[in-house]
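Student: Residue-level listing of the chains:
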Amino acid sequence: MKKNIKSILMAGVSTLLMTTSCTKDFVEINTNPIAYSSNNFNPNFVLTTAQLTYAGSTDFAYDTWRANLIYSSTMIQGLAALSSYWAGDKYMLTPWYTSAYWERAYDEQIKRIVDVVESTRGKEEYNNVHQVARIWKALAFERITDLYGDVPYSEAGMGYYSSILYPKFDSQQFIYQDILKELDEAVVALDASGDALTGDLVYAGDINKWKRFGYTLMLRAAMRLTKVDETTARTYVEKALNNTFQGNDDNAKIIHDITGGRETQNRNSQTFLDGGQEHYYVRWSKTFIDFLKATNDPRLKVAVTNLYPTTSTVQNAAFVTNAAAQKGLPNGKDLSGVAGRDVSSDPDYTTIGDYSQPHPAMIERDAPTFVLTYAESELLLAEAALKWGIGGSAAEHYKNGVKASITYLSQWGSALTVSETEAEAFANAHPLVIASGPQQIAEQYWVQTCTSFNFYEAWSNWRRTGFPELTPVNYVNNATNGTIPRRFPYPTAEESTNPENYRAASAAVSGGDLLTGRVWWDAQ
Amino acid sequence: MKKTLLLALLMVWAMYGAMAQNKVTGVVRDTLNAPLPGVSIRIKGSAQGTTTDVNGQFTLTVDPNATLRFTYTGFVAQEVPLNGRTTLNVILQEDTNELNEVVVTALGIKKERKALGYSVTEVQGEGLTQARETNVMNSLAGKVAGLNITAGAGGPGASNNVLIRGVSTISSTANSQPLYVINGVPMENTRGAQPGGQWDNAPDLGDAVGNINPDDIESISVLKGAAASALYGYRAKAGVIMITTKSGKGNGIEFNSNFVGEQVMDLTDWQYVYGQGSNNIKPVSATAAGQSGGSSWGGLLDGSLVPQFDGVERPYSAVTDNLSKFYRTGNNWTNTVTLNRSFTGGAIRLSASNMDNLSVVPNSSLDRNTFNLAGTFDPINNLKIDARVNYIIEKARNRSMLSDGAGNANYQVMFLPTSLDVNTLKPGWNPDGSELAFNTGNSWATNPWFAAEKFVNDTDRERLISSITARYDFAGAYYIQGRVGRDHYNDTYTNVVPTGTAYRPNGSMSLTNTSFTDMNADVLLGGTFTASDFSFAPAIGAAYRNTHTIATTNNGNDFNVPFVYNIPNLRNKGFAYTDTQFEVQSLYGNVEVSYKDLIYLTGSIRSDWFSTLATPGVNNKLNTVYPGVNTSFVFSELWKPSFLDFGKLRLGYAEVGQATDPYQTQLAYSFLSGTIGGNALGSISNSTIPNASLVASSASEFEIGTELTLFNNLLSLDATWYNKISDGEIIPVTTSTTTGYTGAVLNSGSMRNRGFEALVTARIVRDGKFNWTTSLNGSVNSNVILEMAEGTDALPMGVSRTGVGFIQHLEGLPAFQILAYDYKYDENGNIQYLESGIPDRGELTPQGSAIPKWTAGWNNEFSYKKVNLSFLLEGKWGAKIYSGTDYYGYFNGLHKATLENREGNFAPAGSNTVTEASSYYSNLVQNVSSLNVESADFIKVRQIILGYTFGSLFDSKIKSVNISAVARNPFILMRKTDNIDPEGGYSSAIPGIELGGIPPVRSFGVNLNVKF
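Those protein sequences? They're chains A and B, same order as listed. Residue numbers for the first sequence follow this note's numbering, so the first one is 456 and each next one is one higher. Residue numbers for the second sequence follow this note's numbering, so the first one is 5 and each next one is one higher.
Read the hints as simulated data drawn from the structure, not as lab findings. A quick note: this is a predicted structure, and the numbers were derived from the prediction, not measured. Possibly wrong hints are sitting among the right ones.
Claimed, not checked - One-sided and incomplete, this derived list gives chain B residues near chain A with beta-carbon spacing under 10 Å:
1. Tyr507
2. Asn559
3. Val622
4. Gly681
Idealized CB from N, CA, C, for every residue including glycine.
Using the sequences and the accompanying hints, generate a full structural model.
Tutor: In structure tokens, the structure reads:
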């Protein structure tokens, strides 16, 4: 019996020793075999993805579909829609659409771009990556704050680096000041002879173009403040003068790729081609087409009819490009059969297919997403010149802007090419008139941002300038009492995930946390 | 670890030496002449002895005048003087006192019930085979006090939610379910992804325990509390369910055939006054009908001819039977053949079973083939080998989509307008193969026939569960046992959105292959010493586990060649790959001390080392220790008044835990599947913020209980009170999305389950011919989340498709609270209205838990001669459910409540706006979603069995035949929901949200069992 007890003990001890000694493999077992650590992963890879997701979510254009198209494009009367869920067309509130941009942007853009900024901080070998990431971070946050107002900024995306689980909301005023400061520092710190950017989707690593981008973005961000802080606006515009985009070759855009499926295909195109019959029920707005037709604008090339004459998703090869045949769909119409609301009560109604749609080149799966263009830059410079008498001739900047806004269309595809001569002639025929200058500039900015499908920007600039003068629709049960929305309400999910900060921010929105509330720079 | 096992075996082996005298052989049988394996034989006055082999045989070298003592749990011990005999035939009498029954406890150790200081309920296998469920665990519903099983609305082969003594963890879906142990080998019951998010629109892909063939199950032991399951340490927090499968026994062939028909219950009570249309107007054209394809806001049903979506004019009258027209009569046919053969030194059992289930949903089926081979043999004296292989092939065709409507036939048929006949939507597609859209205003409103016939949601599983156990019994009452088990399966999930689908005309596809391997090995060394009236049984053991899952997904959209569904045919392709592995190593010890049959005291301790806590460069603690102690005091040994047959008091305390998931301790980067312009897309793979200082969580539980038998076995009672505190819960705290992460994994939060459970059994009539036994089990569990993570008091779990019904854990309240918006009130309590006359939205308020507080089951068994009848009722009370079906009932004008002021104006008098009923009611449930929170109380008839047993037939060529008429879930006796099944939630992981599931199904059929 003693012998047996001894053997039991020995077996027990040897088992114990063998078991505990095995845990030295645990670190290896607990390291994901298909992942990388910051020791062996190049931050350029993450920068690439952060750039791509500014063009929209990799998840079936989630934010682009809802925020850029369903809401921004229709509120600003660039597009119009008959689908009942296109809530922006009728100023209805669909909270899970207005929250879409927030949900995707922080997850897909901010998390990544903050990681690039933080993981390259102080590393000389990644100086240019770091500076470009700072610029891109400014770009990404500018759009978020333009849509929602005060938002988490300084503590956002810092879950890993600072263990901040409940980021505070920074005031939009603070955010804009910091964005301008960041841009100012980053453009100076960029070094054309420094480290190479790899995987740069926008400028293929051209540091000089990145400098011009940084300054142009500074110009745009500064001009956003004209209603509330003209001093800051002018200070930064003056820094940007002579450093901004020099031509359409500087246009910042992301060229999409068919091969990666939803991850890499153009977001707007995915919505039109694969969405819920968007290809048929979404058309250019009557406001937009009428504006172009009034001056026989060569940019009518963006419009075609009968590309989708029926609900079939097969494109009609014999679509109609004739400018005279173009006709916009009035906003606020539906298919209810109710007189006054139903599309058939439009006096110009013939068939749905007869309403103009974007040219098929603009909804190709590998079409570009325009981020920031030379035409916008020149129009903003024209406005600055007009307002403050700085940076040269307003009329000249205006002409450059209009011309570039016509000629850049070839970047959609050769089918949209307008000759330099024709653009020149149009610009000369429609020069800046000082008395109506601000309106003309803003209207051209609106046309530019609509033709480049940057409806977010179109909406922001309209809110700032009040132009073009849009006639709101007044659909039954709309959420704004028949006024064009001025911001997106905060996502209610934040009420449970970040309650204290959310409640404070929500209560502080000027005009209420509604579609009709106003962001700071949109002061009345 | 294999090395460890071998080494331990060798060391013990070396110490073993045989001592020789006279040789005695014999066989031990029960009163029915069946051999008894594992009977312990001791030479009286010595510690030496042996055990019988699988055929009841033994050999022993012993003094010719010795006396042998035969003991076998569940049987009366017997002493036999040899008197020089060298062969013996021993018959053991069964112990009729049920409290001497043997139950399977932790690590597969069989113990007498009276020795246990905790509550265990055992269910015999025959109760699972007559009235069957496709997932065998559903058969336990209502049978065990404190066990709460919800099958949900996912259809055949879907997973279920099994709760023992309440919600076990605050942590989200992982590890919230009990541990299953099959023949001593732990089995990970991995559930497929569960729909629970607002936009989720996915089928339930089943779980692992549901694959087990009920015909193979000998018994199921439910270890409810921590004291019972303490030896499972980190795996035991949700309780343990021990499944023992059948072993070879005797010789013979058994055939069982079970056929049942299945039918949906239509629980809807919609309005049939107004028909399809909008604005109280009948559709005037095919376009108008198409645009109002989901709406019953039309005119009065007057029987007039009205154009429908296809341009055909049909009478505008009520169609009340769309559900019964759409769902077919399903059936489930199971055939099982079992072969048993015993031979010298061993026995084998082989079973082959085919289950063929045609679901009530058209074109949906589940086909399962299982083969089970169990062999037990003694290659040499005192060494027992038990080897088992269970091979499973399961094919599920078109698992139903749940929740949202896209591609979901259940959703679409449920909300068809009151005047639209589902048969007019046939066949579901146009001549060119594209979807026949009936609701052109919403391309996600998939034609239900098209959804059922053309969508693909198939799973294929091939699984091999194997184990081998070797046990060597030494003469001196010691034993060593080693066991290795491997569970491996390959799953393929194919999802196709077909060409021509309205919302995705060019189609899409995804194909996921998952390879899962779980290795478990353990070694146990134990013995029993007796000294006068004391008995002392120590045991030590070690366990090792390695779990490895590799999943590959190929997906994409746009088929180059339409209607041909394979991955190479996709124009745009994506790819995903995951590789997850973790390991746990454990050491444990257990000591049982008893004094006579009066008092039993058991203490145990276990330490688990987790790979999932390891972090490079951080020397953190990798293990957690789980102690346990329990005692059983059989007071009837001291005090036995005439009414008391048996009385026992038990006390137990233990700590158990829960592991963490791998790869949560470090930040990791990976690539998205696509590239853009040749550039790789780098990303952060963590969706939750990594935490380098995680520890495993633990729960401590105290329980006190009693078992009483009264009035000469007329009445018995088993009752338990328990109090369980879970601490350091591993919570994926939902962080603001603005952190960049969906959450952070923290050790924070605590929860309490406190409750009482009881089982009362009365043998009311026992006169030999007619017997009636009735048993009532019930439990009440009070669950409360004591503390959440710092800075948050809520953990979101799920969101209804409607966007206004939420499931969350809230501090201070029971888990799985349903949250909905209340009315908005002013300071005087008056409801506030918008200008439109629609009630304004008030606070988001908790409406109650989705988990019932009270559960009860009532079983009755009658037998008269060869006829037996039984029925089982189950009831649950105290839970709530958020009904998405009723929300859309309001939204679409189907709900009866929408009849009020149907053609009127809801805007206040004097207002110049008009608010129609459609706008009023659809905004009402959007603003005041508490209107769709309903009581989920119910009483259901779970099963009825009426059987007749024939004795031996044809000169005993047939040993017995039993034929039974069976019914499962035939009736709902009580419910408080408007139009839904109170158990109709679609997610087994997130209870309380309901929409778009398969309606409840009742089944009736026959079971035939023949033994040759």
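Student: Return the status of the interface hint for B:Val622: holds when the least beta-carbon distance to chain A is below 10 Å, violated otherwise.
Tutor: holds, 9 Å
Student: Double-check B:Asn559 for me: the hint is only fine if its C-beta lies closer than 10 Å to a C-beta in chain A.
Tutor: At 8 Å from the nearest chain A Cβ, B:Asn559 passes the 10 Å test, so the hint holds.
Student: Using the nearest Cβ pair, does B:Tyr507 come within less than 10 Å of chain A?
Tutor: holds, 5 Å
Student: Is the hint on B:Gly681 kept, meaning its closest Cβ partner in chain A is under 10 Å away?
Tutor: OK, holds: B:Gly681 within 10 Å of chain A, min 6 Å.
No hint from the list above goes unmet by this structure.
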